[in-house]
Structure formats: structure tokens, C-alpha cells
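Enquirer: Okay, here's what each chain looks like letter by letter:
Protein chains: 2
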Amino acid sequence: MKITLAQLNYYIGDFEGNLKKILNAVRRARDLGSDLVVFSELSICGYPPLDLLEREEFITTCNRYIERISESIDSKIGVLVGGPEFNKQKEGKLLFNSVFFLLDGKVQQVFRKSLLPTYDIFDEYRYFEPNREFTVLEYKGKRLAITICEDLWDEQPFESEFSRSRLYTTNPLEELTGYNPDVIINLAASPFAHRKMEVKQSIFTGKAARYGLPVLYCNQVGAQTELIFEGGSLAINSTGDVIKRLAFFQEDFMLFDLDELARETPIPAEGEIPDRISMVADGLICGIRDYFGKMKFRSATLGLSGGIDSAVTLALAAEALGPENMHVLLLPSQYSSSHSIEDSVRLAKNLGVRYDILPIESVFNRFRDTLQLLFGELPEDITEENIQARIRSTLLMALSNKFGNILLNTSNKSETAVGYGTLYGDMSGGLSVLGDVYKTDVYLLAKYFNREKEVIPENIITKPPSAELKPDQKDTDSLPPYDELDGILEAYIEKQLPAEKVAAMGFDKNLVGRIIGMVNQNEYKRYQSPPILRVSSKAFGVGRRLPLVAKY
Amino acid sequence: MKITLAQLNYYIGDFEGNLKKILNAVRRARDLGSDLVVFSELSICGYPPLDLLEREEFITTCNRYIERISESIDSKIGVLVGGPEFNKQKEGKLLFNSVFFLLDGKVQQVFRKSLLPTYDIFDEYRYFEPNREFTVLEYKGKRLAITICEDLWDEQPFESEFSRSRLYTTNPLEELTGYNPDVIINLAASPFAHRKMEVKQSIFTGKAARYGLPVLYCNQVGAQTELIFEGGSLAINSTGDVIKRLAFFQEDFMLFDLDELARETPIPAEGEIPDRISMVADGLICGIRDYFGKMKFRSATLGLSGGIDSAVTLALAAEALGPENMHVLLLPSQYSSSHSIEDSVRLAKNLGVRYDILPIESVFNRFRDTLQLLFGELPEDITEENIQARIRSTLLMALSNKFGNILLNTSNKSETAVGYGTLYGDMSGGLSVLGDVYKTDVYLLAKYFNREKEVIPENIITKPPSAELKPDQKDTDSLPPYDELDGILEAYIEKQLPAEKVAAMGFDKNLVGRIIGMVNQNEYKRYQSPPILRVSSKAFGVGRRLPLVAKY
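Note that the protein sequences, when read in sequence, are chains A and B.
For the first sequence, the positions run 1 to 552 when my numbering is used.
For the second sequence, the positions run 1001 to 1552 when my numbering is used.
Since the hints were derived computationally from the structure, they do not count as laboratory data.
Quantities reported herein were computed from a predicted structural model and do not represent experimental measurements.
Please note that a few of the clues may not be correct.
Simulated DEER-style distance windows between Cβ atoms [to be verified]:
(1) B:G1513 x A:G206: 46 to 52 Å
(2) A:E57 x B:L1019: 45 to 51 Å
(3) B:D1356 x A:T476: 36 to 42 Å
(4) B:K1140 x A:G206: 51 to 57 Å
Once the Cα atoms are required to be at most 25 Å apart in a straight line, the calculated DSS-like pairs of lysine-lysine come out as [what the hints assert, rightly or not]:
(5) A:K474 x B:K1106
(6) A:K200 x B:K1090
(7) B:K1474 x B:K1463
(8) B:K1495 x A:K88
(9) B:K1525 x A:K402
(10) B:K1021 x B:K1002
(11) A:K470 x B:K1090
(12) B:K1076 x B:K1142
(13) B:K1296 x A:K525
(14) A:K402 x A:K349
By construction, the Cβ of each residue, glycine as well, lies at the ideal position given by its N, Cα and C atoms.
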């Protein structure tokens, strides 16, 4: 049996567009003599549709488009396509998360998701009733165990220490293998997380080896607002070796002969997944590109400060959108050092990006004049620093409003974590590019961009980080060195360790307490942050929900 | 048996504070000869703790404080207190949402929540495993059916048309009544929604009548960031009549003799729930007061535009925080009408609130000078309107930063819905007071404040609404009259009707299409909005999750 995996980039709710992609892939698979073509989870509408699933017209439209696909399917090629399905029982959630098997002009059989992830960024039990009945697909003499994403994740490799591997009380594969299937097929929408690529692969190879069955895994690819799906669909033989991996961060399409799979040469277990930082770079570029592409935006702007965060953001955006679609501003104040401007100009020229220089001092002085009535002779403090950040944001948004360039936010995860950022100032933007990238990784990204030639001027990488909002300011005036800070943050945020365990990793106890306090006290700021491209297993945003009003 | 309902306002994570409140109530109940005192759902930590439940130290602290309560309990009075409990099974979620029965120095018995709401603002299946085993509490010769909030909501009265009453496949009361209980006790954390007060009550009276059992319902009271819990705990006799209701929006405490309940005179079914608008006003005041009180903030600011939204926000805030804790700014531009300033001054004087007038024209002109380099001779457009809004926000935030006054956002639900607001401008603030109140209800709130004497100057209520960001601007230049707009919005947002059904209610089809399009296109703006005090069954914010990048 010849099975095609079609790894596509869907646009949520764009039924005509998704239909066209699906039908093209079916046509191509048929031309190659494929017996079956497999798409990803909820492919008809794109994943995750979130509360669009609560709208009746959205579900009936999904159903209508499933029918439109089935109408174009003859008896030669079967199709497995994902979509929401009405739950016809009188009790339980209104929907199932289902896979429709199409053949010969109609829906022949439906398979439903049993394990509904409801943690981190996942909210599936908000919408779906879990499946409790199991069967296999019998087709052309083979038995296919059809599963949907989490169905293979009955054992979870969570990063947090306070978690358990067995979140569910059912195990779909134990049920399905009772029917003696010939292959496990998994339609997925599994998002990217940079330290989980090998773990993710081991889930599939582990299942294959355990049950002695080949696994064909078809993942969604492309970004949906903050969530980036890396693709990387897999064909695994029955001994648990990876035979083939589809492309990362782009659409791909591949045919496998099920009966030949055992004879194919596996790819080496190591060395085939690109290194972590290049995956992060590719993921972020994909995230920017799809945000703009799907929103029908073309051009972007950002403020180049002379620091490394805005430099790396610009390098990523220029690659995603093309340098000709970037128009950046340099917004120096009286506290900006001359090298900040020189470095920024050099960066813009290296990348071939249009830049303009708008000094903010005169607006800043006028703000001070206006506030004189209220402030009198009070000394300057963080108020005046924030005014500068907000003037910059207002100028960038003016460019955005006038010309349609979307403002990219340049804050990194380390400063977002401890609340070093000005609301409505440098925390502004339509999309946060680096909000899930710790400062130490921002440096690695800079080096990655410079791997062949200088893109980011060396001085931007080597000079001590500074917000330049008051004279001679340095980040280390009030923060520990970034490798220390990031170590504490990752232990607290990703691994969810309590303070004592973080300190036990070798950090100063008082420092740990202070940093954790800063993280907790700044939930209110992050609540108003732009969507953050997610590249880790625990990003700020929808996957992390903490009360703003709470005593920790 | 004498049972006390203790309706308290908890502070999430403030274990010492919550413990003190609980122990005080136990002492008081014991002094009155009570046999049992009932607190609300997750009372030990406050509801909803959200992802704090994913931190091991949070759960062990909850457990330690439950033990501290139990240690102080003798054999004379039992206590029912809510808290998270470790699930000792190897499979399933790590926690149960439980009620601990304390007596004689220790935890005697534990009851677990069976129905876990996972919709709208609720995410309980994110954390908790549902209970599947049922038993009653036998205590002093009575059998008590212990339930937790949603356990009584097996039949849901959802406002949305695309929903079903039976979300769950189990029915705890059917199970529990098999044990012949004498009373149903419900520990709840049930948030306020202004059109649902009667419906909510009917759930409890309906259960009482159906099973012929008294119902004692103890709700949490007070606000937790955006969620407002109205309290209003109930004692209902076995024929389904309300005997007593505890206070709305404040702590309350009441003892009931279970054996006397049948002889008590019911309160009238009508007329006892205050009218809708006064409930909304009280809810919002409670929301502001608790946000500030729990955050340890004392004072607030906002921009008075001369319009009705900022006027009503100020009236609410002055009542919540005291006029002496308000310091507002009038920020006129060249487009502001003279009556806007006069009306605002009069309002501030009526309320006894400090105000200052800071004209923004000179800062605005300097922004224009600075942008001349980029904009040249391009005509003015929305860019310049937004600059004005952002100058105002920067001045208000400067006052906030310098003096610690928290900026209150004054946007209403109608404009938030259609995206009439400037990001980082008038959409700024630490808390949105009216973001869940349609404009037509803002007018009713204004009239409510004027019910005895003029608080809000009549001219603010009667003049046509205008953003005053360009000459002679009126809201109706680009929007339909607010009663029409709000009718469409409520049908689309609260009732989740598709466009055709909204139009079928009597609205112009093209207008409906245009308004729905505006709602959908502005998800990106609302993503960055401050937390919005929730007073309806479907507020913007955590309870409404839509993809930003999607084609509707």
C-alpha cells in the first residue's frame, strides 16, 4: 500500500484556500499511484481554531468542505483529513476532534481523538468530547490504526518536575493494537519547542519499537499567530528507525510504500535534526513570515537601539520579509551613545534596509515642559525613562499607521520575565519576535547570523547591554549577568522548580528570591504584551496563565 | 443541626490572610453553637489560582494550611473547606478539586469535584481529574451530600444558541441522592454575570424542588483581577423556596438550623435581587476596590475627556476608592470643544476629585515636526488622531509612574468590540472598568449615578458621543446608533449567533456584516487590552479565545 504524507501550511478559517491545497495534494498523490493520502489534525480549518469551534456556522462550514473533498474522491485513492465533528450523543461536549476517511465520493468512516491535551497552550477539552470506542480502518487488505496527535502521547515527557507522565486514564494504542493493525497513522498538529525535538521523535520511534509497527506521522507546518508548527513529519519502520523525515518549517509531500518500509535504509539517529539555534532561527523566520503572509501584511518596522535584541529581530525579519519590506527608525535621545547610532546604521546597511533617524529630545523636552505643572521640582526617576520609551513607540506607531508597516516588538524573554520593559513603550508591537528567547540565546542567534560574514556588527555583540535611558546605564547595574539570570529563569519558568531547588542548582539564594519575585510581580505587564512567537516548552502568553492579583 | 455559611473574600495565594479569615469565622460560628461551618470552593488559596496549581510548592502549602486549620478544630464543630488535593492514582491529572471535612483535630473525609467546567473563563480540566466515586458525609445523625460548584450544574442554561444543556456524561446529584441525604451542600466560586442572576438562583431552587432536599450554597465573594464573585449565598428549603440570601458583593456570615428550615418563611421570589444596572454598578465598584486593595494600590488616575465613558468610570472609581484617592487629568487638544472641559471640571467638582488640565497641543506639534522628515506633505489621517491618544496615555502614565496612581482604562464594550480605540493610547490602563459594559448600559449607569442628585453633568449624558480627534467628529459618522450597534454585538458575542440570524432579528444585513467584520478584525487589538472587569456571560479577555491570524 502506497501512502502519501501531505505536510501543509493551513490558514485558519480559510476554507477555500485549505480546500485548494488539499485537493492539489490529492491530485498529486493520485498521479504518483498513491492508495492513501494523509493530512494533519483539523486540516480542513487549520489548528488551533480556538473559540471559532463554538460557532455553529464554523462547524457546518467545516462539514460542508469535508463533503466537497469527498465529492471529488473516486474509488482509487482514500483520504484521511481532520476536522471537527458534531457529537450526536445527547450528553457531553458538542464536538469530537475527528479524522474523516474519504473514498468513492463519500465519508466512509470517522475516527475520533481520545486523548485531549488540556495544558500549556492546549485547550481541547474546552471543545471536544473524548473518544471511547476503538476500531481500525480496513482498507485494501491492510488494517490501519488511525490516531490523532496526543493519542500517541499517553506517556508525556514534561519538562516541569511537578508533572506526571500518565495524564490520561486511557491508552488508545493499547486498545487499537488489539485489532492487529499493520501500521499506526498519526495526524498531528504538534507545535515547535526547541529543546524537545529529540524527545518528540522518541515518542514515535518508541511506539513503533514497542508495538513492532511502522508509524507514519503527518504534522501541520507553519505558524498560527504565536504557535509555530515545525512539520518534520516522520516515516518510521517497525523496529523504530526513522526512514524519512519531511522538511522543517515548510510544506512537504512524500510517498511511502508500506510494504517496502522494512527494506529502506534508516537515516542516522544523530545529526539529522539541525542544531538548536538554527532551528530557533528558522522557526522565528517562519513565525514572522506566516504572521505577515496570513494577515496580508507586507512590511514591518522596528526601532533600532544599537543593542543586540533589535539587531537580531531585524536580521530575522529581513530574512522573513525581505530587506526591501523593512523600514526602521533610529530614535536617539540625549542619553544615546554615538556608537549606538553608528552600529545601527552599519547594521541597516549590511542588511540593505531603509532607515531614518528621528531624534526624540525635542519631543521629550516638550513633555517635560507640559508635566512641569504636575512635577514641579521633583527629581527625575523612572518616569522620565518611560516617557522616552513611549515617545519612541508613538513615533514607530505613527510610521506604522501612515505607511502600514507592522511594528515588531524586540523584547527578549529575560527582560520580559523580570519586567524590564515599558508598557506602551518598548513593549509595544504587533508581534513579539524574541519574547520566548532568553538573552543568552539572542547572543547565539547573533553569532548564527554572522556565521559566514558580518551581518550584525561585532560591536553590537560585544558591548555591555544597556537600555540607554539615563546616563551611563548598564543592564548589570540592577541585574546579574545574563547567563546567571537565564539559568534561574529557565529553572523557575520552564522546569517550574520552587525557589529552594533553583538555589540548589548553584545560584545565590537571595538572588533567586529577588528574581522570582520580579517574575511574579510583572504578570500585569505581560498580560498586555503582544503575542510572542513560541519556541520553548513554556512561553509567556496563552500557555502560561497566572493570576495578576495574587500573593505568591 | 446548625450550619453556618461563611461567605468570604479570599486573596489568591495569601495563605496567612485566608487562614486568619477562616479561623475567625470558625470561632464565631462555634460561639453561636454551630455544628458545621461551610466555606467556598478552593477557599484555602482563593479561586481561581490558575497555573499556580502547576507549582508543587503551592499545593503543599495549601495542604499545610488545611492541616493548620484542622489542628485548631475540636470535636464540637466540623469544617468544610475547599482546596486542591494530590491525586494519588498513577494515572490522570495530578490534582483533585476537593473539599476537606475537618473535625477533632484532623481531616476526616475528602469530597472531590466531579464536573469540571472547561469553557468560557473556566479551565478546570487543565489541572484537575474529575471525581468518579460518590459518598455522603455522615455527621451528627445527618447525611450531607457535599458538592462543589459545577456539580449542581449538570444542566446548563447557556446564553449561546450553539450549546447544549448537558455538557457532562455524569450527574453527581443522581449518584448522591441514592444515599438518601438530608441536605445538599454546595461550596462554590461562581462569578457574576448581570443577566444570569435569576437563572443562577433557579439552578439551586430547581435542584431542591426536584430532589425534595434543602440546598445550602456558599459562594465566594469579591473580585479576583477581572472576575467578580457576587456572593449571594443561598439557603433553600426542600420545596425550592429561598429562605435567605447572603449579601451581594461583600462578606457575610449566617447560621441556619437545618431542622427549622422547613418552618422559615421564604423570601419573595421577585424583588429581592436588585435591578440589573445597580448590580452592575456594585459589581464594578467591588471589582475596582478589590483590584486596588489586593494589589496594595491606593490611588488611581484617568483622563477625563468630557465624554460619558470617562465620566462613569470616574464615578465608579471615586465610590470604590474615595474621591481623595483620585487625581484625574483633562488633556484637551485643538479639537476639544470648550464644553468638554467645562463638563469635565464640573464632574470633578461634583465628585470632589482633584483634576489638572494639561493641553497636549504643543507636544502634538513637536511630534508633527519630528515626523515631517518621514511624512512630508502627506495629508493627515488616522495617524495624527492616534498620536493625540498616545500623547494622552504618555502623560497619564507619567503621572502614574511619578505618584503611583494606577491608570484606569475607560473604554466601553461597544468600542472595544469594533476596535474604536488606539493601542497604547486610550486602550492603556492597569484595569478596564467598562470593557464589558455596552455603551447603552454606560448611559444607564450614568442615570443610576444621577438617581438622587446630579453627579454626572446632564450635558455629558445628552450630547452626541465624539472622540474629538478631528474637527466636528461624531461617533455616528462611522457607526450606527448605539442601541442598534449594541443589539448586533450582543447577538453576535453573547448569543454567538451567525450573521443571518443576527440580521433576522431585524437589523440591516449589510450593517450586520460590516459590524461582525469589525469585531473579527480587531482581535489583535483586544489581545493587548488590560484585564476587563467581567459583568456579562461573555466578556472580552480570558473567557473568549479567538485566533488573531484567521480568516472568518
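Enquirer: Now look at each hint and say whether the structure bears it out.
Expert: Status of the hints after comparison with the structure:
| no. | hint | in the structure |
| --- | --- | --- |
| 1 | B:G1513 x A:G206: 46 to 52 Å | 51 Å, holds |
| 2 | A:E57 x B:L1019: 45 to 51 Å | 50 Å, holds |
| 3 | B:D1356 x A:T476: 36 to 42 Å | 38 Å, holds |
| 4 | B:K1140 x A:G206: 51 to 57 Å | 55 Å, holds |
| 5 | A:K474 x B:K1106 | 55 Å, violated |
| 6 | A:K200 x B:K1090 | 23 Å, holds |
| 7 | B:K1474 x B:K1463 | 10 Å, holds |
| 8 | B:K1495 x A:K88 | 22 Å, holds |
| 9 | B:K1525 x A:K402 | 17 Å, holds |
| 10 | B:K1021 x B:K1002 | 20 Å, holds |
| 11 | A:K470 x B:K1090 | 55 Å, violated |
| 12 | B:K1076 x B:K1142 | 15 Å, holds |
| 13 | B:K1296 x A:K525 | 17 Å, holds |
| 14 | A:K402 x A:K349 | 24 Å, holds |
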